[in-house]
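J.: Residue strings, one per chain:
Number of protein chains: 2
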Amino acid sequence: MAIQFAKRMEGIKASEIRELLKLTTRPEIISFAGGLPAPELFPIEEMKKVTLKVLEEQGKQALQYSTTEGHQPLRQKVAKSMAIFGIQAEADDILITSGSQQGLDFSGKIFLNPGDVVVCESPSYLGALNAFKAYECEFVEVPTDDHGMIMDELEKVLANTPQARMIYVIPDFQNPTGRTWPVERRKRLVELANKYDLPIVEDNPYGQLRFEGEIPPSIKSFDTEGRVIYLGTYSKTFCPGLRIGWVFASPEILNKYIMVKQGADLQASSISQRELDTFLDMYNLDEHVEKIKNIYRKRRDLMINTMKEVFPKEVKFTYPEGGLFTWVELPEHMNARDLMVKALEKNVAFVPGGSFFPNGGHENTFRMNYSNMPEDKIVEGIKRLGEVLKEALNK
Amino acid sequence: MAIQFAKRMEGIKASEIRELLKLTTRPEIISFAGGLPAPELFPIEEMKKVTLKVLEEQGKQALQYSTTEGHQPLRQKVAKSMAIFGIQAEADDILITSGSQQGLDFSGKIFLNPGDVVVCESPSYLGALNAFKAYECEFVEVPTDDHGMIMDELEKVLANTPQARMIYVIPDFQNPTGRTWPVERRKRLVELANKYDLPIVEDNPYGQLRFEGEIPPSIKSFDTEGRVIYLGTYSKTFCPGLRIGWVFASPEILNKYIMVKQGADLQASSISQRELDTFLDMYNLDEHVEKIKNIYRKRRDLMINTMKEVFPKEVKFTYPEGGLFTWVELPEHMNARDLMVKALEKNVAFVPGGSFFPNGGHENTFRMNYSNMPEDKIVEGIKRLGEVLKEALNK
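Top to bottom, those sequences are chains A and B.
Mapping to full-length UniProt numbering: the first sequence position 377 is 377, numbers consecutive.
Mapping to full-length UniProt numbering: the second sequence position 282 is 282, numbers consecutive.
Hints were generated in silico from the structure; no laboratory data involved.
It is possible that some hints are incorrect.
Since copy identity is lost for identical chains, a pair holds within one copy or between any two.
Cut-off 30 Å, straight-line C-alpha distance, at most; resulting in silico cross-link-like pairs (DSSO-like, lysine-lysine) [said to hold, decoys possible]:
| hint | residue 1 | residue 2 |
| --- | --- | --- |
| 1 | K156 | K80 |
| 2 | K80 | K7 |
| 3 | K291 | K60 |
| 4 | K316 | K156 |
| 5 | K195 | K395 |
| 6 | K7 | K308 |
| 7 | K156 | K53 |
| 8 | K390 | K316 |
| 9 | K80 | K60 |
| 10 | K7 | K195 |
| 11 | K298 | K390 |
| 12 | K313 | K395 |
| 13 | K49 | K156 |
| 14 | K383 | K342 |
| 15 | K390 | K48 |
| 16 | K298 | K316 |
| 17 | K308 | K377 |
| 18 | K342 | K390 |
| 19 | K293 | K77 |
| 20 | K293 | K395 |
| 21 | K293 | K13 |
| 22 | K22 | K80 |
| 23 | K346 | K308 |
| 24 | K383 | K395 |
| 25 | K7 | K346 |
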């Protein structure tokens, strides 16, 4: 048999992180590899009450098919929730998706022809790169510094890339670097997108998890022409297992996302949507987020302080003001994939950074997650990693 | 602003059924339009117990990210469940999807380049046609009779269509016609697919809902070369609101579906998967399906018998041995879209059949659903429809 697959399948590979995670689920492993929330913070008791209430009062609707757009009261709450990012939205502006990963896939489907270019941060979120690749696009990476994408570099790229069709950015506590863009760059990005008439996909899964300082206005908040598509999710502020995210976009564009959702899976889970909506009625999500932030802040502090203590001076890392990740840069001659093998021998895991660069290179980087490990394991894991680094550097 | 959308978006339109359903949700409407299960049969009390048990015993895992492939114990149960269709499968052969609609979308993504041809029944499931269109394919429809796709016609099509890349069929209680293929045609289909080296997507959402006679072996059961992709779902035998379906395929092909699922939405809902798995541990799904079948059988009988009584003789309809639908053919000069307007004036709704034919025509047909309306409304609705038909025929 020689069944032919579509050409796009040549570009689709298993996510390296997912494959790695399979290796790192042994209980003895201290894993900084995933991007998982801390499960001990999941509101399990509250979810029991919420689910009983949903099944009691709206069981038939919760178990039945519903509209593609999403459960109307939830759409309304989602719309209001974006006010902290400077966004005014109405329920009808929202499409509920199966996690914000689905919003990424749909963005590729809606905007990208084969050979089109996605302009993105260097590095960028691996899951987005994989989703877009299914539409046979190319990537042009824009250099970044400690404050995100460098706007003068973006302008050069846009001037020289007529095939650019979409700009994809994660301006808050970026995955993988943990970096956040200042307000000026956000405004400038919108100006440049206006000039070159391109849509911007703003991916903001972590923005609410800010440990210190003020929340900057979102890129969407500077959008006067309806060209910014904002992707949000409850995976990091509530629970990822429900798979509830959303798209906020101007009507013409949102309509495309709704039609694509119909063909893709008809609708997000009716019961998950109603559970989340009822949770938001019965409990205070902001209080829950405060709890998450307090724990993650401690874990970040512990990770960063221990890294300062035990990592060799040649090794640099970012200081994230929120979110889940810090990003480590080794001296250029070093390779994080080789280092990973050594680390796994000491039962410590991270994600080598090379695959976050769509056009390759940068093998001297890796991503560290601090949200998913308890404090004693963070200290122990970083100490072991410090030893591995020292050995590797002394060779 | 003149943002460019991808070329594929030209072919993606809102599903006519979904748009129609919006019009038919007024409470006074007797709707035979949707494809909804009967919500009074949903196991709401059981779901309360199931959910409490899941949150009690595996709350952290149920609310956390999990593997793309799906919850292993559920994959195992799914694999075993296909024995009634003559299928031997293992847990590792299964991918859990967000409803079987997602399996359709992925099939298009994996197999179709622009211009490729999908060979399908005439008519075929509208949701599948819309999912495939997103990959810029063409359709060649194979004529059908009361026993499904006519194999000699299929052979002619395959001999004359070098661009054919995929065969899509619903052999059991087809949507929209309610027809079922006999064993010989199933075998013959596999032989022809072997000869022309094509994958078959076998979509079987209704097969378990057989009211009389024996369940025929699935097309997949005759697959010796690993070219049949079998799509299943719990939406019709359990509840659609959880959005749980599956793909069963040979390893090389299944691996493509898994990679596509990673990019599309990472995974199906963790909590839905564990709820369903726990339901299958605590209760007997076969008994639940028996209950559904008994109710639907009565409704089918009532609909068909009332149609025999009150529909004019010129109007033909199918006799489904299971599933959710019967299919009505009017004299050729009549148009079911016009009829729909008249029916809605009498507060009765159905789906005009034209949009189930990807290449148009056949506007003298419509689809009727009998699973979602109580018995008195079925009788009343069909009587009203009889009047509309008589009026239209007498003009």
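J.: Could you run down the list of hints and mark each one as holding or not?
T.: To see whether the hints hold, each was checked on the structure:
1. K156 / K80: neither (37 Å within a copy, 58 Å between copies)
2. K80 / K7: neither (42 Å within a copy, 34 Å between copies)
3. K291 / K60: Classified as between; 17 Å across copies, 34 Å inside a copy.
4. K316 / K156: Classified as within: same-chain Cα gap 28 Å, cross-chain 67 Å, threshold 30 Å.
5. K195 / K395: neither (51 Å within a copy, 60 Å between copies)
6. K7 / K308: Neither way: K7 and K308 sit 47 Å apart in one copy and 51 Å across, limit 30 Å.
7. K156 / K53: Neither: 55 Å inside a copy, 57 Å across copies.
8. K390 / K316: Close inside one copy (14 Å), not across copies (82 Å); limit 30 Å.
9. K80 / K60: both (27 Å within a copy, 28 Å between copies)
10. K7 / K195: between (33 Å within a copy, 23 Å between copies)
11. K298 / K390: within (26 Å within a copy, 76 Å between copies)
12. K313 / K395: within (16 Å within a copy, 91 Å between copies)
13. K49 / K156: Result: close neither inside a copy nor across copies, 54 Å intra and 60 Å inter.
14. K383 / K342: within (14 Å within a copy, 77 Å between copies)
15. K390 / K48: neither (48 Å within a copy, 54 Å between copies)
16. K298 / K316: Answer is within: at 20 Å inside a copy they meet the 30 Å cutoff, but 72 Å across does not.
17. K308 / K377: within (17 Å within a copy, 73 Å between copies)
18. K342 / K390: Classified as within; 12 Å inside a copy, 81 Å across copies.
19. K293 / K77: Result: close within a single copy only, 21 Å intra versus 39 Å inter.
20. K293 / K395: Neither way: K293 and K395 sit 40 Å apart in one copy and 72 Å across, limit 30 Å.
21. K293 / K13: Intra 34 Å, inter 43 Å, cutoff 30 Å: neither.
22. K22 / K80: Answer is between; shortest inter-copy Cα gap is 25 Å, intra-copy 38 Å.
23. K346 / K308: Within. Shortest intra-copy distance 20 Å satisfies the 30 Å Cα cut-off; inter-copy 76 Å does not.
24. K383 / K395: The answer is within: 19 Å in one copy meets 30 Å, while 88 Å across copies does not.
25. K7 / K346: Answer is neither: 41 Å inside a copy and 51 Å across each miss the 30 Å cutoff.
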